[in-house]
Amino acid sequence: MSDWTRAKRTDPHSSKPENRKRGIDGSLRERETCCRGRENGGHTDGSYRYTEKRHANFTTPESTGPVSRCSRAADWGSQVDDEDEMRRDVHRDMQRRRILGAEVTQRERKTSSGSSESCDSREGENMETDEAVLLRRQKQINYGKNTLAYDRYTKEVPKHMRQPGVHPKTPNKFRKYSRRSWDQQIKLWKVKLHAWDPPTEDGQDKVLNIGELGLDDVIDIELDFPTLPDSDQKTTASLPAHSLSLEGEDCSGTPVKVQKTESRVEPDMA
Amino acid sequence: MLPSVMENTTDDYKIQSFDLDTQMLLKTALKDPSSVNLEKVSDIIMDQSLKDQVFSKEAGRICYTIVQAEAKQNNGNVFRRNLLNRLQQEFKNREETRRRSLQEWVCYVTFICNIFDYLKVNNMPMVALVHPVYDCLIRLAQPDALMNEEEVDCLVVQLHRIGEQLETMNSPRMDELFFLLRDGFLLQEGLTSMARLLLLEILEFRAGGWVLSSTAHKYYYSEIAD
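Each protein sequence line maps, in turn, to chains A and B.
If you read the first sequence in the working numbering, its first letter stands for residue 312, the second for the next number, and so on.
If you read the second sequence in the working numbering, its first letter stands for residue 118, the second for the next number, and so on.
Since the hints were made in silico from the structure, they are not lab data.
None of these values were measured; they are calculated from a predicted model.
Just so you know, even glycine gets a beta-carbon here, dropped at the ideal spot from N, CA and C.
Possibly wrong hints are sitting among the right ones.
Covered by chain B, per the in silico footprint, the following chain A stretches (three or more residues, Cβ under 8 Å) [what the hints assert, rightly or not]:
1) 397–411
2) 492–499
Label-pair distances were calculated between CB atoms; the ranges are [to be verified]:
3) A/R407 <-> B/T139: 19 to 27 Å
4) B/D160 <-> A/D400: 27 to 35 Å
5) B/D129 <-> A/N437: 26 to 34 Å
6) A/P475 <-> B/K237: 23 to 31 Å
7) A/L411 <-> B/E266: 32 to 40 Å
8) B/D160 <-> A/D395: 48 to 56 Å
9) A/D395 <-> B/A324: 52 to 60 Å
10) A/T465 <-> B/R216: 52 to 60 Å
11) A/T465 <-> B/P289: 35 to 43 Å
12) B/S134 <-> A/D395: 40 to 48 Å
13) B/R299 <-> A/P475: 52 to 60 Å
14) A/L411 <-> B/S134: 34 to 42 Å
15) A/L411 <-> B/L314: 54 to 62 Å
A few chain B positions that, by computed beta-carbon distances, are all more than 12 Å from chain A [claimed, not checked]:
16) L201
17) F208
18) E221
19) M241
20) V244
21) N265
22) E267
23) V328
24) K335
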């Protein structure tokens, strides 16, 4: 690790998302320069420079050979493999969405009207189906999910405990949104996720290992827009306090946060 | 295999220029990829593409078939991965290649465009190749390259084949390329009349939505004119 990167890591004021990313193997990554701000790789000779010095591949237990550290791997072989995989994932998600959508509409016909099932696969006809759009959105979602913050968040707050407006929700890539609206949702979602950034030396984070439900982001409900930028900041700032209402080292007894949320659980949470 | 079947494969994939042993290797790769050294096969194909213009024009087809065959047989992608990485290596050295041998450079561009055309991922072109292909074509549109008919010819042929797809993948760069082509056509001194003809035709071709109007077609391709 370079001196520069080491310095960045120990700086308590440094809270940039790039410093919190983890590699596929779980270890904290060095500051990423390859994942951001570049659409389709460089387009001049100069832009390929960055790739040569970095160790772009490593192996994981799941892979049979070298695996790229991110979707902007240095070599074309890995880039295309990643592209392939992502396309297949998106197609699979689309299939699931169609099936879920069909199931939900059937269920709704059976129950009485006024069901507050806020599953938005209801509008099967209004689904976003443009593959290029879905791929782009999936890429953006992947950037957000491939962070320590997201990892800690999902471990700490299982889906059934999440409160709309308070806890970040992955934007639903299948819904029709304008480009601006979508990009804004992604930005806000990532900002909210920062609340779960790993602690710096002087921070005091307690991680509650309540356990993770295995539901995937296909059934995520859309992100609620905050009405004011202020209130969003307050929410973000207050989250750590909210989730860290434990004093002391151990988590004996029902965590305070769980108690609080139980009294406010809403019926329509997926 | 029956001789006639073997002949078809040879012709389909334009592998006549390989020696018989290599032809056999390639045919085996098509039928039973896991039984051959696919890295070696991709190297052979890459090397030949740089030397053999006829082969480089259609090498994408055989590559596509092998990729599909390997994926189907054991979900592997050794061939594709190695091919792409070789392609990338050659791309990094392209300026040197061009200096050393115009023929090799032209073959390379033909090959990479052919790969872009044939090797689709879930029916879409590989995003990873979009910028490199543009880089190559834009290089061909530079003043020094426009002076060589082989380079101009290569440029227009590739644009005919993949121009529309490329534009879909990235329109601003196509604009960038065509700015150069207009400039070249108008301002470049010393262009041969053939080069100017080729440039004019491609300008009209794109302006017509990647289709040549029937009258334009008559002008450029009719046998009647001297």
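Hints, one by one, checked against the model:
1. A stretch counts as covered by a chain when three or more of its residues have a beta carbon under 8 Å from one of that chain; for the segment 397–411 of chain A and chain B the count is 3, and the coverage holds.
2. Counting residues of the segment 492–499 of chain A whose beta carbon lies closer than 8 Å to any beta carbon of chain B gives 0, which falls short of the minimum of three for the stated coverage.
3. Distance hint check: the CB atoms of A/R407 and B/T139 are about 46 Å apart, inconsistent with the given range 19 to 27 Å.
4. For B/D160 paired with A/D400, a C-beta distance near 31 Å keeps the hint of 27 to 35 Å intact.
5. Between B/D129 and A/N437 the Cβ separation comes to about 45 Å, which falls outside the hinted range of 26 to 34 Å.
6. For A/P475 paired with B/K237, a C-beta distance near 41 Å fails the hint of 23 to 31 Å.
7. Range check, A/L411 to B/E266: Cβ separation about 59 Å, and the 32 to 40 Å hint is violated.
8. Between B/D160 and A/D395 the Cβ separation comes to about 22 Å, which falls outside the hinted range of 48 to 56 Å.
9. Judged by the Cβ atoms, the range 52 to 60 Å given for A/D395 and B/A324 is violated: they are separated by roughly 35 Å.
10. Between A/T465 and B/R216 the beta carbons are some 54 Å apart, a value that agrees with the proposed interval 52 to 60 Å.
11. Range check, A/T465 to B/P289: Cβ separation about 38 Å, and the 35 to 43 Å hint holds.
12. The supplied range of 40 to 48 Å is broken by B/S134 and A/D395, whose beta-carbon atoms lie about 31 Å from each other.
13. A hinted range of 52 to 60 Å holds for the C-beta pair B/R299 and A/P475, which are about 54 Å apart.
14. A hinted range of 34 to 42 Å for the beta carbons of A/L411 and B/S134 is inconsistent with their spacing of about 54 Å.
15. Taking the beta carbon of each, A/L411 and B/L314 are about 58 Å apart, inside 54 to 62 Å as hinted.
16. For B/L201, the condition that its CB be more than 12 Å from all CB atoms of chain A is violated, with the nearest at approximately 4 Å.
17. For B/F208, the condition that its CB be more than 12 Å from all CB atoms of chain A is violated, with the nearest at approximately 8 Å.
18. Every beta carbon of chain A lies more than 12 Å from that of B/E221, the smallest distance being close to 19 Å; the non-interface claim holds.
19. A beta-carbon of chain A comes within 12 Å of the beta-carbon of B/M241; the shortest separation is about 7 Å.
20. Chain A draws B/V244 into its interface by the beta-carbon criterion, the shortest separation being 6 Å against a cut-off of 12 Å.
21. For B/N265, the non-interface assignment is confirmed: its Cβ lies about 21 Å from the closest Cβ of chain A, beyond the 12 Å cut-off.
22. The claim that B/E267 lies off the interface holds: its Cβ sits roughly 23 Å from the closest Cβ of chain A, which is beyond the 12 Å cut-off.
23. Consistency note on B/V328: stated as away from chain A, and its beta-carbon is indeed over 12 Å from all of that chain's, at 23 Å minimum.
24. Even its closest Cβ contact with chain A, about 37 Å, leaves B/K335 beyond 12 Å, as expected for a residue assigned away from the interface.
Hint compliance for this structure: hints 2, 3, 5, 6, 7, 8, 9, 12, 14, 16, 17, 19, 20 are broken, all remaining hints hold.
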